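Per numbering that gives the first Met the number 0, the sequence shown starts with residue 0, numbered consecutively.
Hint data in this document are derived by calculation from the structure and do not stem from the laboratory. There could be a bad hint or two in this list.
As the list claims (entries may be wrong) - Here are the in silico distance ranges between beta carbons for each label pair: (1) 469 - 492: 20 to 28 Å; (2) 391 - 492: 36 to 44 Å; (3) 110 - 256: 25 to 33 Å; (4) 365 - 473: 23 to 31 Å; (5) 174 - 139: 20 to 28 Å; (6) 391 - 443: 35 to 43 Å; (7) 174 - 387: 42 to 50 Å; (8) 493 - 438: 17 to 25 Å.
Stated by the list, open to error - Derived BS3-like pairs (lysine-lysine); straight-line CA-CA distance at most 30 Å: (9) 169 - 326; (10) 30 - 436; (11) 434 - 30; (12) 473 - 429; (13) 429 - 263; (14) 436 - 450; (15) 30 - 429.
This one's a predicted model, so the numbers in the text were calculated from it and none came from an experiment. From the three backbone atoms N, C-alpha and C, an ideal C-beta is built for every residue, glycine too.
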Amino acid sequence: MSINFGPPAYPLGAFHHVAENASKEVLGHLKAPDAMVGMAVLSVKALVCQGLADIALPIPGSGVHKVIDSEEEADESPPPRLTSLSLNLLSVAESGERKTAVYRVVAAAIYAHDEARARAYESAIKEYEADLSVWQSIERGLRRKLVKLSQDGEPCDEVAAALKEHNLKKPERPRLRRSIRQDITSRALTEVLHGDGESIALMSDEGDILLHGQSMKSLALLNAAWDGSSLPVDRADGKSFIARNPRVTTSLQVQPEVFRAYRKQNEGKARGIGYFARFLMGWPVSTQGTRFITGYEGEWKYLPQFHARVKELLEEYDRRLEAGVPKRDVICFSVEAKAHWVQLVNDTESMMQEGGAFSDVKDAAAKGCEMIARIAGILHYFSAQTGDLTLDTLERAASIMSWHIEEFRYLMRPEYEVPQAVEDAEKLRKYLYRKRKEWIQHNANRSLGQKSIDPNSMRSFEAHNRGPTQLRKKGRFRPALDVLVEQGIVYLDHVREYGKPHAKGREYICFTGRLNCPLQLGR
Numbered sequence: 000m001s002i003n004f005g006p007p008a009y010p011l012g013a014f015h016h017v018a019e020n021a022s023k024e025v026l027g028h029l030k031a032p033d034a035m036v037g038m039a040v041l042s043v044k045a046l047v048c049q050g051l052a053d054i055a056l057p058i059p060g061s062g063v064h065k066v067i068d069s070e071e072e073a074d075e076s077p078p079p080r081l082t083s084l085s086l087n088l089l090s091v092a093e094s095g096e097r098k099t100a101v102y103r104v105v106a107a108a109i110y111a112h113d114e115a116r117a118r119a120y121e122s123a124i125k126e127y128e129a130d131l132s133v134w135q136s137i138e139r140g141l142r143r144k145l146v147k148l149s150q151d152g153e154p155c156d157e158v159a160a161a162l163k164e165h166n167l168k169k170p171e172r173p174r175l176r177r178s179i180r181q182d183i184t185s186r187a188l189t190e191v192l193h194g195d196g197e198s199i200a201l202m203s204d205e206g207d208i209l210l211h212g213q214s215m216k217s218l219a220l221l222n223a224a225w226d227g228s229s230l231p232v233d234r235a236d237g238k239s240f241i242a243r244n245p246r247v248t249t250s251l252q253v254q255p256e257v258f259r260a261y262r263k264q265n266e267g268k269a270r271g272i273g274y275f276a277r278f279l280m281g282w283p284v285s286t287q288g289t290r291f292i293t294g295y296e297g298e299w300k301y302l303p304q305f306h307a308r309v310k311e312l313l314e315e316y317d318r319r320l321e322a323g324v325p326k327r328d329v330i331c332f333s334v335e336a337k338a339h340w341v342q343l344v345n346d347t348e349s350m351m352q353e354g355g356a357f358s359d360v361k362d363a364a365a366k367g368c369e370m371i372a373r374i375a376g377i378l379h380y381f382s383a384q385t386g387d388l389t390l391d392t393l394e395r396a397a398s399i400m401s402w403h404i405e406e407f408r409y410l411m412r413p414e415y416e417v418p419q420a421v422e423d424a425e426k427l428r429k430y431l432y433r434k435r436k437e438w439i440q441h442n443a444n445r446s447l448g449q450k451s452i453d454p455n456s457m458r459s460f461e462a463h464n465r466g467p468t469q470l471r472k473k474g475r476f477r478p479a480l481d482v483l484v485e486q487g488i489v490y491l492d493h494v495r496e497y498g499k500p501h502a503k504g505r506e507y508i509c510f511t512g513r514l515n516c517p518l519q520l521g522r
């Protein structure tokens, strides 16, 4: 049984220079899986680009909302179909794969920007409260004056006009905007998006917070947010509002058991309404056990350039917000890119036929070419390219999408279930690893005359009878042990580490240096 295999290397070379160099630098420093880094970088780029630009697909259609600025634009026919640059990404990774470290490093500029926004908000709210207090005092005075004039039967038109004018000058409460949101309800999500062109990311390196949060219980709402559709909201207090042209990128990193549980509980609905199909998924191979220090770690040469571009785009978005409704730029396809994209659409459609290459992932394939366009738009805009979208950029995006659709196929395949022997093997590995640490500690602290314990092996009989309870059932222990042997985590011998021979039948489990490496369950 082969377990620890995985997809080919993530196509980091599809990023343009700044993002590519930064990604490879993060890999060199953190030794995290390449796909985890690549998907983190892509999610950050999507977030900072989605509020500033849309991409015009080379097909007619309404797509997301487009502001008409002149009669000449209104006469254009037919308009291209605009689509947003928002992305959904989901990375499956074991505990200890440095998910938090990757996100903190890659998204550092966004966290810093959110912190600066929070500090500015604290100052603005104090000024607002002071202004509101003055406004309320004047309003109370005008109201008292109006009431007295009315009671005395004197003319009150001048005071009434002054009160109306004063009401129009009521201070507006400042709004705290944060780019990254985590645990948020569906109602709070729509309120955060209230207005026109609001841009946020649902981003978490512990994706179970979001997967089991309230926002994930309204998949139709999340689909609409991914599409960039306006979201009407009727509140319990009778007030209604519309979140127009929202931009929402979702980026989740979850552990395998969390993903399996969520899929088991929600797959029928989530896949049925196309929620899963809107995700770029990946299960990168673990790097645990190979993350050796080389001396390269320490200097950040390229990541600051990536952060500078992220900061530049975040500040540009803020400037557009301050100027009013943020108008997004429109990225158009070049003639060559258009022809290639149309060919991709037609090829994909033919491969969705029964027996075709995409017949088992029709839902993802149906969204695939639009996602290629979105990724291409992100690559184009983040790298500050001018003019139309080039064929080269489109091909880069297609290579990224090609990697993800194979991962979608793997993670969504009907037979996707971790074999019992593999789950049992991980339980056994954890038990053996824990015992080894206990023995090392015992040897370090033992008193004079107390026997030491060999920390490098354990008798199979003892592991079976004192190990995980579930493995004591008939037919569970030996298959689990066979998996550990096949993965090179342990080996079996009748001679212990110290060379003392044992009677035939006294089998020992001998530990290798990979005992601390979790099994990539399902990979």
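Tested hints:
1. 469 - 492: 20 to 28 Å: 26 Å, holds
2. 391 - 492: 36 to 44 Å: Since the Cβ atoms of residue 391 and residue 492 sit about 56 Å apart, the hinted range of 36 to 44 Å is violated.
3. 110 - 256: 25 to 33 Å: 28 Å, holds
4. 365 - 473: 23 to 31 Å: Given a distance of about 47 Å, which is not inside 23 to 31 Å, the answer is violated.
5. 174 - 139: 20 to 28 Å: Roughly 26 Å apart at Cβ, these two residues keep to the hinted range, so it holds.
6. 391 - 443: 35 to 43 Å: 59 Å, violated
7. 174 - 387: 42 to 50 Å: Given about 36 Å between the Cβ atoms, the range is violated.
8. 493 - 438: 17 to 25 Å: Once the Cβ atoms are compared, 20 Å apart, the range 17 to 25 Å for residue 438 and residue 493 holds.
9. 169 - 326: Roughly 27 Å separates the two Cα atoms, so the pair holds.
10. 30 - 436: Status holds; Cα separation ~24 Å.
11. 434 - 30: Satisfied, since the Cα-Cα distance of roughly 27 Å is no more than 30 Å.
12. 473 - 429: Distance ~20 Å between residue 473 and residue 429 Cα, so the pair holds.
13. 429 - 263: 25 Å, holds
14. 436 - 450: 16 Å, holds
15. 30 - 429: 23 Å, holds
The structure shown violates the earlier hints numbered 2, 4, 6, 7.
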